[in-house]
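Residue numbers (our numbering), protein chains in the order written: chain X, 1 to 324; chain A, 1001 to 1321.
The hints are simulated quantities; they were obtained by calculation from the structure and are not laboratory data.
One should not assume that every hint holds.
[Said to hold, decoys possible] Label-pair distances were calculated between CB atoms; the ranges are: (1) I172/X <-> L1305/A: 52 to 58 Å; (2) Y1025/A <-> A151/X: 28 to 34 Å; (3) F173/X <-> G1075/A: 35 to 41 Å; (4) R29/X <-> V1280/A: 52 to 58 Å; (5) A1200/A <-> L120/X: 36 to 42 Å; (6) F1318/A <-> A151/X: 41 to 47 Å; (7) L1136/A <-> P167/X: 32 to 38 Å; (8) M1175/A <-> R29/X: 28 to 34 Å; (9) L163/X <-> G1075/A: 50 to 56 Å; (10) F1318/A <-> D71/X: 52 to 58 Å; (11) V1280/A <-> L99/X: 52 to 58 Å; (12) F1318/A <-> L120/X: 31 to 37 Å.
[As the list claims (entries may be wrong)] Some residues of chain A that are not near chain X, with every Cβ distance over 10 Å (derived): (13) T1118; (14) E1119; (15) V1172; (16) G1295.
Keep in mind the model is a prediction, meaning the values are calculated, not measured.
Backbone N, C-alpha and C define an ideal beta-carbon position, used for all residues, glycine too.
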Amino acid sequence: MKKIDTRVWLLIIAATAFMALAYLPTIIREGDVVFALTDVFLYESMINGLLLGGVLALLSLGLNLIFGVIDVVWICYAEIVMLGMYGIYYFHNVFGLPLLVAMPIGILITAAIGYGVHKLVIQHLIDSAPINQLLATGGLLFFFQSAATLAFGIEFHNIGVSLGSFPLTQDIFISWSRLAAFCISALAVGCLYLFLTKTFAGTAIRAISQDREIMTLMGVKQGALYLKTSAIGGGLAGLAGCLLVLQYDIHPFIGLSFGPITFMICVLGGLGNMLGGFVAAFIFSELIALGGYHFDLEWGYVFAFVFFIAMMFIRPEGIFGKRS
Amino acid sequence: MNSLTLPVALAGILVVVSLIGVPPYPLHIMIVIMIWSFTYTGWSLMGRFGLVSLGHGAFMGMGAYVTALLWNYGGLTPWLGIPIALCAAALLAVIVGYPCFKFKITGHYFALVTLALTEVVRQTVIATRDHTGGSLGFTPTPKGNDGASSLMSLQFDDKETYFLIAVGVWLVGLMIWRMIDRSMMRYALEAIGEDEDSAAAAGINVTREKLKITVLSAVMTAFGGIMYLQYQLFISPDTVGGIGISLQIVFAVVAGGIYTQLGPTFGAVVTLLLAEILRVYIGTDAVGLDNAIYGIALVLFIIFLPRGLLGSLEARLFGRT
């Protein structure tokens, strides 16, 4: 009973805070409530925030899977996304393959990288302290970033494909690529959910995330499953990369702008909780969008990170996590 | 090996050498190594007890930016600015550390919360670009402009002065390390690192012990940032803060040896020399090669040499476990 109460309270507080952040700055600045409520650009940035949430949700999906199943934090996850983006760029713009062929190749590349990360690094550290695993992937972050700088240079690349935008109303324009990101992200969450609940491999993955030792006794090959999970996680990074190349320029340090927020989403959602991660992505994206609309894009990020730190103290197990 | 004899002897030799005369370039490298060694030592105070913080970029940035902003806009001499900046860093450490330790946020959760802190500070610096210069960086006003003396502005014309200060600060850092190493606090923190609940049951105030070491470590790191500021006279969110610096700190300490007194120093020497050698001999064609080597080395160290270079050497020489 008590648990439900806290959740309801949190929901009310969250909704109030959201409304306050959305309308109060304008009301204070303009002193006009009607104007604040009918501000078209406010709603535009809210919708854009919603669509950004789709991208963030997709970004955190693979990391969340690995997080939840193997209990490892891949600090280098966003760098794998970056490598996937380079893969797509090279196969599309340099080797001249059509985009719809280059994208699956990009996904295959990141899946292979994910497999490699587990096979070559994590497997050797599976029994050491979690923090060592985190630091080892921190080493990979440096490596991927610098390898990309060495191989591709520090110039910004763009695949030169834009899906354009369409008008929702007279004043509000929606970018197709963001809408696509949003839909594909929702689709990917659904597919992953079905995979985890309906297939044998998915059930085994869920079981092993609950108890490593017992599942090994039940005859499940832990190592093979972990490798499979890592490859899927890597592939999801590639999928996120496919959508990011449509919206952003590619450069070796792009991972740094997405990396931190991706981890925060996973932790805020409750480790390995897909639905929680999905919701957390939208909370963050709205904070960033509203903060960016009223103040400055960076303030949006500051709000998001401060919110994360505060939430860690209130609900360390994540918004949808179970208390252990 | 963990006594102060070796560091003092080393410092003595370095000071004598610098007085005889060292060309500016090697002297510059030595100063940078000393400053970073101090910062790394500060981080290792926490890191050796399993409190892996990725938030030290935040403390470093806090120290450097508060000092620089007070000097530029308030005209406040670093003699006063530094204590204020250190207090600010300590306050930040308490604000984040206290709830963390109270609510038992440990392991990689702690690392991620502190990582968020790093980002908060970095983004705040960028967001207040009207005053801090944002990503373009920030330069403290040279002393000449308002006629302040070297001593007031703590900006010196010759590298020798900086070197002597850096060596002194580095020695103090090692003394603090040794003080902690010989204190009851160390045993308390080691017990906490093994098992928090048992440690609490044994009568250790877990939150307070952790908070003490965190504040100490944060203040040292902030001071390292201030040293960097006063020497380089240029700071930017990426040179004194951000996830890059946080990871750089962790890497150098892990490479050198997290459990030994001179490990962080050794890590600083190895990593900074590697970067310089690659830069000088390979040049700009290989931008990023040093980081690529670091990255792979870090992974290999964690898998094969978790005690670090110096730590493993010591274990082999003296059979310490």
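Against the structure, the hints:
In this structure, I172/X and L1305/A meet the distance hint of 52 to 58 Å, their C-beta atoms being roughly 57 Å apart. For the pair Y1025/A and A151/X, the beta carbons lie near 31 Å from each other, so the given range of 28 to 34 Å is met. Taking the beta carbon of each, F173/X and G1075/A are about 48 Å apart, not inside 35 to 41 Å as hinted. At roughly 54 Å, the beta carbons of R29/X and V1280/A sit within the given window of 52 to 58 Å.
Against the hinted window of 36 to 42 Å, the Cβ-Cβ separation of A1200/A and L120/X comes to about 39 Å, which satisfies the hint. At about 43 Å, the CB distance of F1318/A to A151/X agrees with the hint of 41 to 47 Å. As the Cβ distance of L1136/A to P167/X is approximately 37 Å, the hint placing it in 32 to 38 Å holds. Taking 28 to 34 Å as the suggested C-beta distance range, the pair M1175/A and R29/X does not conform, at roughly 53 Å.
Take L163/X and G1075/A: their Cβ atoms lie about 53 Å apart, and the range 50 to 56 Å holds. Restraint check, F1318/A to D71/X: a C-beta distance of roughly 36 Å breaks the suggested window 52 to 58 Å. Taking the beta carbon of each, V1280/A and L99/X are about 43 Å apart, not inside 52 to 58 Å as hinted. Separation of F1318/A from L120/X is about 33 Å and conforms to the stated range, judged on CB atoms against 31 to 37 Å.
Under the 10 Å C-beta cut-off, the non-interface status given to T1118/A relative to chain X is violated; the minimum distance is some 8 Å. Against chain X, the non-interface label of E1119/A is violated: not every CB pair exceeds 10 Å, the least being about 5 Å. Chain X leaves V1172/A outside its interface by the beta-carbon criterion, the shortest separation being 28 Å against a cut-off of 10 Å. G1295/A, annotated as away from the interface, has a beta carbon of chain X within 10 Å; the closest lies near 3 Å.
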